[in-house]
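Those sequence lines, one after another, are chains A and B. In terms of the numbering used here, the first sequence opens at residue 1 and continues consecutively. In terms of the numbering used here, the second sequence opens at residue 1001 and continues consecutively.
Please keep in mind that the hints were generated in silico from the structure rather than gathered at the bench. Even for Gly, the Cβ is constructed at its ideal location relative to N, Cα and C. You may find that some hints are simply not true.
[Said to hold, decoys possible] Simulated pairs of lysine-lysine, DSS-like, Cα-Cα distance not exceeding 27 Å:
| no. | chain 1 | residue 1 | chain 2 | residue 2 |
| --- | --- | --- | --- | --- |
| 1 | A | K207 | A | K231 |
| 2 | B | K1246 | A | K18 |
| 3 | B | K1246 | B | K1346 |
| 4 | A | K18 | B | K1346 |
[As the list claims (entries may be wrong)] Reference excerpt, derived from the structure (chain B facing chain A, CB under 10 Å, subset only):
| no. | residue |
| --- | --- |
| 5 | S1524 |
| 6 | T1572 |
| 7 | T1651 |
| 8 | V1655 |
| 9 | Q1680 |
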Amino acid sequence: MTILLESKQLNKRFVLGKQNEHHVLKDVDLQIERGEFVSVMGPSGSGKSTLLYNVSGMGRMTSGSVVLDGQELSDLSEGALSDLRLTEMGFIFQHIHLLHNLSIFDNIILPAYLARNGSRAGADRRAAELMETVGIAELADHDVTQASGGQLQRVGICRALINEPVIVFGDEPTGALNSKAAGEIMDLLADFNRSGTTIMLVTHSAKIAARTERVLFMLDGRIVAERRLGKYTGNGDIRAREEGLSSWLLDMGF
Amino acid sequence: MIATKILRKDFQRKKIISIVVFAFILLSALLVASGTNLIMDLSSALNALMAKSQAPHFVQMHAGEVDQAEIDRWAAGNRLVEEQQTVEMITVDGSTLYVGDSETAEENSIMDISFVTQNRDFDFLLDLDNRVIHLSPGEVAVPIYYVQRDDLELGDTVRITDGAFERIFTIAAFVRDAQMNPSIVHSKRFLVHEDDYAALREHFAETEYLIEFRLTDAGQMDRFSQAYQSSGLPKKGTAVDRNLFKTLNGLTDGIVAGVVIVLSLLLMIIAILCLRFTIIATIEEDTKEIGVMKAIGIARGDIRRIYLAKYAVMGVLASVLGHLGSLFLGRVLSANIGIYLGEASKGLLQHAVPFVAASSIGLMVFVSCAVVLRRLSQITPVEALRSGTVGESARNMPALALKKSRLLDVNVFLGFRDVVQRFKLFGLLCFVFFFCAFVIIVPVHFLTTIQSPTFISYMGIGQSDIRIDLRQSDDMVDRFERMVAYLGDDPDVERFSPLVTSQFTMIGSDGAPETISIETGDFSIFPLDYVAGTAPEQEHEMALSSLNAKEMEKEVGDTITLLVAGDEREMTVSGIYQDVTNGGRTAKAVLPHEPDDVLSYAVSLDLVSQRLIDEKVREYSEAFYPARVTDLEGYLAQTLGNTIEQLRMVTMVAVAVGLAVAVLITSLFLRMLISKDASQIAIMRSMGFSLRDVRVQYLSRALILLSLGIVLGTVFSNTLGQRLVSALWALMGASQIKFVIDLLQAYVLLPLLLMLAVSVTTLINMAGIRETNIAEMIME
Chain A
1 MTILLESKQL NKRFVLGKQN EHHVLKDVDL QIERGEFVSV MGPSGSGKST
51 LLYNVSGMGR MTSGSVVLDG QELSDLSEGA LSDLRLTEMG FIFQHIHLLH
101 NLSIFDNIIL PAYLARNGSR AGADRRAAEL METVGIAELA DHDVTQASGG
151 QLQRVGICRA LINEPVIVFG DEPTGALNSK AAGEIMDLLA DFNRSGTTIM
201 LVTHSAKIAA RTERVLFMLD GRIVAERRLG KYTGNGDIRA REEGLSSWLL
251 DMGF
Chain B
1001 MIATKILRKD FQRKKIISIV VFAFILLSAL LVASGTNLIM DLSSALNALM
1051 AKSQAPHFVQ MHAGEVDQAE IDRWAAGNRL VEEQQTVEMI TVDGSTLYVG
1101 DSETAEENSI MDISFVTQNR DFDFLLDLDN RVIHLSPGEV AVPIYYVQRD
1151 DLELGDTVRI TDGAFERIFT IAAFVRDAQM NPSIVHSKRF LVHEDDYAAL
1201 REHFAETEYL IEFRLTDAGQ MDRFSQAYQS SGLPKKGTAV DRNLFKTLNG
1251 LTDGIVAGVV IVLSLLLMII AILCLRFTII ATIEEDTKEI GVMKAIGIAR
1301 GDIRRIYLAK YAVMGVLASV LGHLGSLFLG RVLSANIGIY LGEASKGLLQ
1351 HAVPFVAASS IGLMVFVSCA VVLRRLSQIT PVEALRSGTV GESARNMPAL
1401 ALKKSRLLDV NVFLGFRDVV QRFKLFGLLC FVFFFCAFVI IVPVHFLTTI
1451 QSPTFISYMG IGQSDIRIDL RQSDDMVDRF ERMVAYLGDD PDVERFSPLV
1501 TSQFTMIGSD GAPETISIET GDFSIFPLDY VAGTAPEQEH EMALSSLNAK
1551 EMEKEVGDTI TLLVAGDERE MTVSGIYQDV TNGGRTAKAV LPHEPDDVLS
1601 YAVSLDLVSQ RLIDEKVREY SEAFYPARVT DLEGYLAQTL GNTIEQLRMV
1651 TMVAVAVGLA VAVLITSLFL RMLISKDASQ IAIMRSMGFS LRDVRVQYLS
1701 RALILLSLGI VLGTVFSNTL GQRLVSALWA LMGASQIKFV IDLLQAYVLL
1751 PLLLMLAVSV TTLINMAGIR ETNIAEMIME
């Protein structure tokens, strides 16, 4: 398996005022292989979301290196980073963050139209297929106000996948959903992962993390532990995985 | 204390926005105070000049003999006459006069130049300190018109010579002439000592007279004028009154004042709209905080007062600074008044009015803020704390779905779509751009119009290459006939039209005889644009200037009874035209004329080639000496020179104001918009939209709105703007001004200038986006 994303000695400091600095990420070394499904867990303030945004180039690291698919992110200009986000990455957010002045379908095709990845007609077809796959085909012409939280998160997934990115990042993608919807979303993500999409997500829920194949545990800005769970097949082994993970987390003091 | 902290914090949070809004209020207060100050100055200076010079109430110009005893008898028998004097003027041809260092005589000046002595009883010619001028022999006082034109100084000379006679005078003073100050009045009086006058009189025999009256009741000027016209007293010339002196003296600066005040009111409207936008956006941003304040029991009125305090401080400060600024700007604007009319001491009222005007701006701002802040009552604590918004949502527009856009760049499309979707929000910016375009285009159009050769038609004259005016002399008839014959034989002349202006008598509506000055000739050769009807062609037709028609209450088709060769003839009004000369009171007809009644002869002509103009002007000046020969450009420049200069200044100010407003409002609006759209921008950037992509979106919005504003501004300028300008000039006799439009300037260069200003402003204001941290925005 090849390494798709790697960080070395990644540091992030926030300057809060005169002589007041918050060192959020401390010498973080991370490797994610192509096709992996990785989750990052840890208590509030451990730096998990900061890690996500810094390895994706949305935040600027203070020092260290992040290489995605052979490209060193710190070497890239703002324009090149934008291009990379557009064509190589997908994002799924807790609060979904759709553009409220566009329809659901337009939200999905927007990154594709911008990327000029093939024809617009081709982008429309891909969007329709994705919507069909995730079960929201009937919502194409709806406003974003005309869908439930779970439906909107599926829209978020479609948008993240429209340009067939090499990696998808998720920041608490199920955080705002009820457990049923959360389960459905994770099943979808697991399906996409099984089809070859690399996924890295942040979560505070063991139930969610149990559906990923590797869990990284962060504490005070560092990755302090890791547990391999193996690929989740979706064939009824989730309870055992949850229990195993929960007891491991208890041992971590989480 | 807390309020001060809140105010300071709010200012620090939105420095640029606060400064821009403050700038608008300040500018509005500055302009309204300056405009009213200008009107106060103009009014005081005019009244002071009229009073100090003891300007006559009624003046009848007369070229010919005068029986003073007859005038005295008539005046003694008229209860309205308080004082009477007859002023003799030696008229000299411009070709004999050399002003200042000029080696060229005034031969082709359109001005009728006269030499006079200081009047005895009233109508005094004043110096620049508004003192009655008293000269010594060898000295001359020169009209202000020449001071501005030739940059003269005291001590310069004026030389009068016709070859056989020469006299050099030293300029000892500059004349403020209540009757003849403005350049639009084509007569100028040079003042000399009695001894010099006597010497000139011996050599230059031609004289004209001003038969002047001061009345016991200034309100009876019209009645007096009718009485004079009905009398058998000399009236071979134009009759004018004090109202006309005031109008003509105040015209140029009055227009400037009017424009400045209109600008300030429009700026105030913009300031109020900006404030409304700013306050609403602020309330939206602070909804959570307002919800918290309400939840903990702070009364709505107290919350409102906190916000209102900021705008109250802004309004008061801007009004005070605006008023102070007007004390300096006022000096610049009133400079022309200072030269032409002099300065008058101002009473308390004249000082108070501009201050009150500036304060009213602050008050209106405060009141409109108070009205907008009533929205605070719409915010419920629960809703605000939960959602943090007042609940704005954009409506979906299926017709403008992204998926339907196949050709347009994504960012341009998003910009366009947003403008349509949130037009209520963008309406302010569009209105401002419309205003900017209007404010720029109208003065530019007017300046182009007044500089255009076709403007001559508003002076009651058809457009021709050259105009020749014969001045009063004993052999005027012979000279005229020789001139007509000469021109008829000149192969370089394509066409020419002899015109004769004579004094006719008409029977007024009350049956009393009145004099009327009528130009006779063939008007089809150099046609005028008529406001109504057509030029007279038959001998029973006549056309009236619009002011004449208005005063006589005549329309096309109405009749006027004229005395022609002793018989009454009913004349039908065939047309009404515009004429700003001669007080705007002229008429045209195809009639025979009596040489004794002729006031002037003129010929308009076109040459076979315009390249011959300069050469022919020289040739005709020599051949027809002492006729006045001018080309069209020269005629316009001499008549309207000062007005054009003032208008040019106003136009530059208007362009600067228009651009400044566009830039300021774009800055303000963009900053507010970017702040409002911050989360949406962060989402787009997280998706992969680059800074360049976001810039294109906002630039598209700005340029789409600007284009719409320019189109609307252009349409309104060409319609409403034209009507506004016409309304102003209607006072002078030109009520239907049609803009002459420089297409390249108005429809290409100025829009490009605006687009450049707005584009640069947009890009500069977008620089802040680079600093936003996407991750922080998303995580928030």
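### In rising order, the numbers of the hints this structure does not comply with
2, 4, 5, 6, 7 and 8
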